[in-house]
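S.K.: Chains as they are written, first to last, in my numbering: chain A, 45 to 409; chain B, 45 to 409.
Simulated from the structure, these hints should not be mistaken for lab results.
It cannot be assumed that every hint is accurate.
Remember, identical chains collapse to one label, so a pair may be satisfied in a single copy or spanning two.
List time: in silico PhoX-like cross-link candidates among lysine-lysine, alpha-carbon distance up to 25 Å [as the list claims (entries may be wrong)]:
#1 248 / 189
#2 221 / 352
#3 402 / 286
#4 286 / 302
#5 248 / 118
#6 302 / 402
#7 198 / 146
#8 286 / 221
Number of protein chains: 2
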Amino acid sequence: MNRRDFAKLSALAVAWSSLPTSLPMFAQTASAGKPLGFAAIGLGRICDIFMRACQDPSGGAKVTGLVTGHPDSKGEKYASMYNVPKSSIYTYDTFDRIRDNKDVDFVYIGLPNSMHCEYTVRAAEAGKHVLCEKPMAISSAECRKMIDACKQAKVKLMIAYRVQYDPTWNHAIDLIKAGDIGQLESFQGGFYGQMRNDWRLDRKLAGGGSLLDLGIYPLNAIRHILGEEPNAFTAVVATREKGDRFAQVEQSMEWTMKFPSGVIASCGCSYGQTGPGFLNINGETGFLTMDPGFNYGGAVMRGMAHRKPVQQSGLGPMTSQFTLEAQHFTNCIRNNQEPLSDGEEGLKDMIAIEAIYKAAGTPIA
Amino acid sequence: MNRRDFAKLSALAVAWSSLPTSLPMFAQTASAGKPLGFAAIGLGRICDIFMRACQDPSGGAKVTGLVTGHPDSKGEKYASMYNVPKSSIYTYDTFDRIRDNKDVDFVYIGLPNSMHCEYTVRAAEAGKHVLCEKPMAISSAECRKMIDACKQAKVKLMIAYRVQYDPTWNHAIDLIKAGDIGQLESFQGGFYGQMRNDWRLDRKLAGGGSLLDLGIYPLNAIRHILGEEPNAFTAVVATREKGDRFAQVEQSMEWTMKFPSGVIASCGCSYGQTGPGFLNINGETGFLTMDPGFNYGGAVMRGMAHRKPVQQSGLGPMTSQFTLEAQHFTNCIRNNQEPLSDGEEGLKDMIAIEAIYKAAGTPIA
Numbered sequence: 045m046n047r048r049d050f051a052k053l054s055a056l057a058v059a060w061s062s063l064p065t066s067l068p069m070f071a072q073t074a075s076a077g078k079p080l081g082f083a084a085i086g087l088g089r090i091c092d093i094f095m096r097a098c099q100d101p102s103g104g105a106k107v108t109g110l111v112t113g114h115p116d117s118k119g120e121k122y123a124s125m126y127n128v129p130k131s132s133i134y135t136y137d138t139f140d141r142i143r144d145n146k147d148v149d150f151v152y153i154g155l156p157n158s159m160h161c162e163y164t165v166r167a168a169e170a171g172k173h174v175l176c177e178k179p180m181a182i183s184s185a186e187c188r189k190m191i192d193a194c195k196q197a198k199v200k201l202m203i204a205y206r207v208q209y210d211p212t213w214n215h216a217i218d219l220i221k222a223g224d225i226g227q228l229e230s231f232q233g234g235f236y237g238q239m240r241n242d243w244r245l246d247r248k249l250a251g252g253g254s255l256l257d258l259g260i261y262p263l264n265a266i267r268h269i270l271g272e273e274p275n276a277f278t279a280v281v282a283t284r285e286k287g288d289r290f291a292q293v294e295q296s297m298e299w300t301m302k303f304p305s306g307v308i309a310s311c312g313c314s315y316g317q318t319g320p321g322f323l324n325i326n327g328e329t330g331f332l333t334m335d336p337g338f339n340y341g342g343a344v345m346r347g348m349a350h351r352k353p354v355q356q357s358g359l360g361p362m363t364s365q366f367t368l369e370a371q372h373f374t375n376c377i378r379n380n381q382e383p384l385s386d387g388e389e390g391l392k393d394m395i396a397i398e399a400i401y402k403a404a405g406t407p408i409a
Numbered sequence: 045m046n047r048r049d050f051a052k053l054s055a056l057a058v059a060w061s062s063l064p065t066s067l068p069m070f071a072q073t074a075s076a077g078k079p080l081g082f083a084a085i086g087l088g089r090i091c092d093i094f095m096r097a098c099q100d101p102s103g104g105a106k107v108t109g110l111v112t113g114h115p116d117s118k119g120e121k122y123a124s125m126y127n128v129p130k131s132s133i134y135t136y137d138t139f140d141r142i143r144d145n146k147d148v149d150f151v152y153i154g155l156p157n158s159m160h161c162e163y164t165v166r167a168a169e170a171g172k173h174v175l176c177e178k179p180m181a182i183s184s185a186e187c188r189k190m191i192d193a194c195k196q197a198k199v200k201l202m203i204a205y206r207v208q209y210d211p212t213w214n215h216a217i218d219l220i221k222a223g224d225i226g227q228l229e230s231f232q233g234g235f236y237g238q239m240r241n242d243w244r245l246d247r248k249l250a251g252g253g254s255l256l257d258l259g260i261y262p263l264n265a266i267r268h269i270l271g272e273e274p275n276a277f278t279a280v281v282a283t284r285e286k287g288d289r290f291a292q293v294e295q296s297m298e299w300t301m302k303f304p305s306g307v308i309a310s311c312g313c314s315y316g317q318t319g320p321g322f323l324n325i326n327g328e329t330g331f332l333t334m335d336p337g338f339n340y341g342g343a344v345m346r347g348m349a350h351r352k353p354v355q356q357s358g359l360g361p362m363t364s365q366f367t368l369e370a371q372h373f374t375n376c377i378r379n380n381q382e383p384l385s386d387g388e389e390g391l392k393d394m395i396a397i398e399a400i401y402k403a404a405g406t407p408i409a
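Whole structure, please, built from the sequences with the hints as guidance.
M.R.: What follows is the structure, encoded as structure tokens:
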């Protein structure tokens, strides 16, 4: 899946460069200003994808700095790819000097989860806005520290919930808000994949298992759609595979949640299964199924609203969820607005994640 | 949904009668013998559907008796529709005389759940084989009584799990058994609908809520596919709607299950939502999604097996799950074989249902 998505994204990047004049309307209006410069922190897969997505000018962002433990290999490679001056390549030791780099407006944090807090705080202290990958951190205490540091430094903090910027998801939310499926009643969701040879299987770096990385998708989507916080949980974990792969984090998990309104949900996630990334949204008079719901390629929606079949998919021509996410953040910085998926949003997911692990009998800390 | 399915089934019945010579191969072989006669007990919607389905000769069954509290209205109506002699219309009081009716080989029980046990026992004592709708009864104690009575009387007992006789479901099971999605890891499923003005909302008649009637579909499918019994449960119930409709049974429920092998599942059901009837089957290397999975119209399967998309749907020409179910049961009677979905199968679901209600804090009894 990862390789294919990556290939798809690469293909998109080629398409963008060959068709620069045919960007969709919203992109042309949004890219009116000069792009904001950003430093990518941690040059792994997710940073690579984000930098590629920012080649689309509609994101309003341009890579102007690189932070890596391998300045001579990875650093040089991306510097030449994106015309970043050698002086704007930082290591984790020299990172704080980024304060003096006027070409860097914000940082994009694509580090292992356990490093999100430290680099958010250090970036804020250097006066840079922060776009941090999900999960926000590995504990609610860390999330609060990050929120405080950004408030203190008067910089924006956004958590990279890319799905919140997908037009198909937003169309689904519009239908729900318009009452097209009636009062919301329940959700069923999940996100499953095979993870191998990755820092995500190392508890010290990841903070937990697939719940933090994959289960967070249905969790966040449900919270985002409902605008409520779950307050009762049950959970079950399972690790069928013996051996090293799941020595530190659980293989699979299914859980239930209940919200104060009475809405209920069941969800699951795994690093050791092949399965869909989906969400069913059941209302009084209709339902929506987002499947695939969480893939990079954009959500596919189908269902029944007002007793009629509904269907929508696609991100629009030549764009990606990452571009839309960048566009939202750069607009927030330019217009001094709070991001939709701000630090509080990341904190609320982390509070739920802690409660789910506790319900499973495997608390985070 | 019910009306539409009903209409679809009626349309099929017309199609059968106009194309009697083009039945599929298996139907022609299966209908070699003289059809077995059955008495329909309780002439509600499900009996109506079953009798219509048995107009297809491939079922090998023919309605030869009727049991109803309204012999003069419903009884007469169906008697004239299916050429049942007036002497073969019984009331609940005169039912036991069916013992003397040589044209009745088995009974089809489409009564409210709380009456399944009594009429199974009385039918067995009258020497008739029993095809009983799901849920088998309203407690595991009742299920055991039914199994014992049928064993004692040497009659067959089958629970009408129509989905087990759907060729698309059986194709999915074949793929799984062939290892096409690898070792099974988890399931997510549910079945949701709006129930109004129905005995199913009356606890005395239904024995519980939608878990017994709708939740039993994903539960049975998972147990049937895995060939294992779940031994750990969590559950959450919710009743958002105030008022009479859900005064006696819960509106909605989501639950998790764990099996001795380590396979886990989450499922849900409701009598007060609009939603799909679906099952996701996640394996090590592939997955299958049955959606719709539990509709009368037959299952639709899609997924990934051996890293390639797979897809199948449809019941084959001019047949229904009810016809296939009848065909299985009449073949079992003719060949003195144990039905696939026998009393033990119904009992095992009931044991799980009792455990789920207990986990939800709302035990059945």
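S.K.: Work down the list of hints and note, for each, if the structure agrees.
M.R.: Results of checking the hints against the structure:
1. 248 / 189: within (19 Å within a copy, 55 Å between copies)
2. 221 / 352: Within. Shortest intra-copy distance 17 Å satisfies the 25 Å Cα cut-off; inter-copy 37 Å does not.
3. 402 / 286: Intra 23 Å, inter 32 Å, cutoff 25 Å: intra-copy only.
4. 286 / 302: This pair counts as between: shortest inter-copy Cα distance 17 Å, intra-copy 33 Å.
5. 248 / 118: within (24 Å within a copy, 70 Å between copies)
6. 302 / 402: This pair counts as both: shortest intra-copy Cα distance 15 Å, inter-copy 17 Å.
7. 198 / 146: Close inside one copy (17 Å), not across copies (89 Å); limit 25 Å.
8. 286 / 221: between (46 Å within a copy, 22 Å between copies)
Taken one by one, the earlier hints all hold for this structure without exception.
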